[in-house]
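J.: What follows is the residue order along each chain.
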Amino acid sequence: MTTLQSRQDTGRAARPAAPDEEALSRRALSGERAAWDALIARHQRRVVVSLLARGIRVDRAQELTQETWARLIQQQQRGLLTELRLPALALAQAAFLAADDARRARRESVDGTVEDLPERQQPVDPAQSAEKRLVSEEQLARARDALEQVSPGARNVFLLACDGQGLPHAEVASRVGLSVQRVRQILCEVRKKLRTALEEEQP
Amino acid sequence: MTAPTPHLTRDRTEQYLLGALPPEACAELEAHTLTCEPCARLLQEEALLEEQLYEIAAATPRDAVVVRPARWHRPAAVAAALVAVAASALLLLRPGGEAVSPSVTPVEAPVLAAREPEEAPRDIVVACPDLATQEHCLRSASARGLLVYHPGGQGEVPRYDASSGLTQVALSSRPAAL
Ligand SMILES: [Zn+2]
Chain A
0 MTTLQSRQDT GRAARPAAPD EEALSRRALS GERAAWDALI ARHQRRVVVS
50 LLARGIRVDR AQELTQETWA RLIQQQQRGL LTELRLPALA LAQAAFLAAD
100 DARRARRESV DGTVEDLPER QQPVDPAQSA EKRLVSEEQL ARARDALEQV
150 SPGARNVFLL ACDGQGLPHA EVASRVGLSV QRVRQILCEV RKKLRTALEE
200 EQP
Chain B
0 MTAPTPHLTR DRTEQYLLGA LPPEACAELE AHTLTCEPCA RLLQEEALLE
50 EQLYEIAAAT PRDAVVVRPA RWHRPAAVAA ALVAVAASAL LLLRPGGEAV
100 SPSVTPVEAP VLAAREPEEA PRDIVVACPD LATQEHCLRS ASARGLLVYH
150 PGGQGEVPRY DASSGLTQVA LSSRPAAL
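As you go down the protein sequences, you meet chains A and B in turn.
Quick note on numbering: the first sequence equals residues 0 to 202 in numbering that gives the first Met the number 0.
Quick note on numbering: the second sequence equals residues 0 to 177 in numbering that gives the first Met the number 0.
The set of hints was computed from the structure by calculation and includes no laboratory data.
Ideal placement from N, C-alpha and C gives every residue a C-beta, glycine not left out.
Do not take every clue at face value.
Said to hold, decoys possible - Covered by chain B, according to a simulated footprint, are these stretches of chain A (three or more residues, beta-carbon under 8 Å): (1) 134 to 142; (2) 162 to 172; (3) 191 to 198.
As the list claims (entries may be wrong) - Selected chain A positions facing chain B (Cβ under 10 Å, derived; list incomplete): (4) R44; (5) V48; (6) S49; (7) G54; (8) I55; (9) V57; (10) L79; (11) T81; (12) L146; (13) F157; (14) L159; (15) V179; (16) C187.
Let's have the full structure, built from the sequences with the hints guiding it.
T.: Here is the structure:
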């Protein structure tokens, strides 16, 4: 049985996580349910969105997200979790379940039986579930150009909110001294600019 | 069976993905996408864009957006500052009219001016290099009358509304809806 090791972000500046993220992770690893609940609340939306992006229906996305957390908690209870790095671990687990779901649906459509897949019970190594690239190099370059046009304040809000640490909007707001509503407004504005940049004529 | 719900708009879908809609509105939007294929596609497109934004943010080096006042610039220190940024605390300064004397740096460790904006930006984000010097850095900045936000942040963790729904049973009973 493999133990879980999440990928180290090497060669990159530390991303700002919520101030209590590390403490919560430690408590969750020791089995404290309240800590799990707080972490789940913080990272739930990101996991659901990642499943929606795969074209999974919203009801199934929510079920898979719940199953994701249930499995992580189960793994922790079995002593299989040595490190809890969220949201990366939950995203990897959800992607794994989604892929498994799709495989299962295909098998059902072929021979009408549902096979029990022992691999579903196994923990996921996020380092192994290769992350699918969603943005091409050209798109990334255009997106960076577009980000250059944004005010430093707005860019900072965008990076704080979206850089993968699951920093809550309330926490972003508090760090930059703006209201949550204003933070979301800024995020929508940056999003529109980046949408345009991504959609520019494809080669 | 129930009254028809409105189609999704892009704005509303964005709000939904941002977590800005109240629970009833979320439920309505979600229910609608289960019966309306075009809206389900719109939701997927917007969710995919959201994922792309995460990827862009993750691929954007933090150093490239940390702008420090030119007066704090010490050119010899590029490499050291790149390391120092890893443990940085952020503060936000309003550059308008502050008079920082060039002879005094607010921090002991070197600070890198990673990007010089053409025109004066509205806000400038500066980094205090590490925990050891952070307090001194913050004090110096305040002493100069600069607007400083505490790097730790005081935000509340939003209430968790999904925990009651977290069950470990009957989660895999349905076939995929792909
Ligand atoms: Zn519709």
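J.: Confirm or reject each hint.
T.: Consistency of the hints with the structure:
Check on the region 134 to 142 of chain A: 4 of its residues sit with their Cβ under 8 Å from a Cβ of chain B, so the three-residue criterion for coverage holds. Interface restraint, the region 162 to 172 of chain A with chain B: holds (8 residues with C-beta to C-beta distance below 8 Å; minimum three). Interface restraint, the region 191 to 198 of chain A with chain B: holds (3 residues with C-beta to C-beta distance below 8 Å; minimum three). This hint holds: R44 (chain A) has a C-beta 5 Å from the nearest C-beta of chain B, less than the 10 Å allowed.
Taking 10 Å as the C-beta contact cut-off toward chain B, the hint placing V48 (chain A) at the interface holds, the least distance being around 5 Å. Interface restraint check: S49 (chain A) against chain B, minimum CB-CB distance 6 Å, threshold 10 Å, status holds. Taking 10 Å as the C-beta cut-off, the interface hint given for G54 (chain A) holds, the closest approach to chain B being about 5 Å. At a threshold of 10 Å, the smallest CB-CB gap from I55 (chain A) to chain B is about 7 Å, leaving the interface hint in force.
About 5 Å separates the beta-carbon of V57 (chain A) from the nearest beta-carbon of chain B, less than 10 Å, and the hint is met. Interface hint status for L79 (chain A): violated, as the beta-carbon distance to the closest one in chain B is roughly 16 Å, over 10 Å. For the restraint placing T81 (chain A) at the interface with chain B, the shortest Cβ-Cβ distance is roughly 21 Å, beyond the 10 Å limit, so the hint is violated. The interface hint given for L146 (chain A) is met, as the beta carbon of that residue sits about 7 Å from the closest beta carbon of chain B, less than 10 Å.
The closest approach between the C-beta of F157 (chain A) and any C-beta of chain B is roughly 6 Å, which is under the 10 Å cut-off, so the hint is satisfied. Given hint, L159 (chain A) at the interface with chain B, holds; its Cβ is 8 Å from that chain's nearest Cβ, closer than 10 Å. Using the Cβ-Cβ criterion of 10 Å, the hint placing V179 (chain A) at the interface with chain B is satisfied: the shortest such distance is roughly 9 Å. For C187 (chain A), the suggested interface contact is upheld, since its CB lies about 6 Å from the closest CB of chain B, less than 10 Å.
Of the numbered hints stated above, those contradicted by the structure are hints 10, 11, listed in ascending order.
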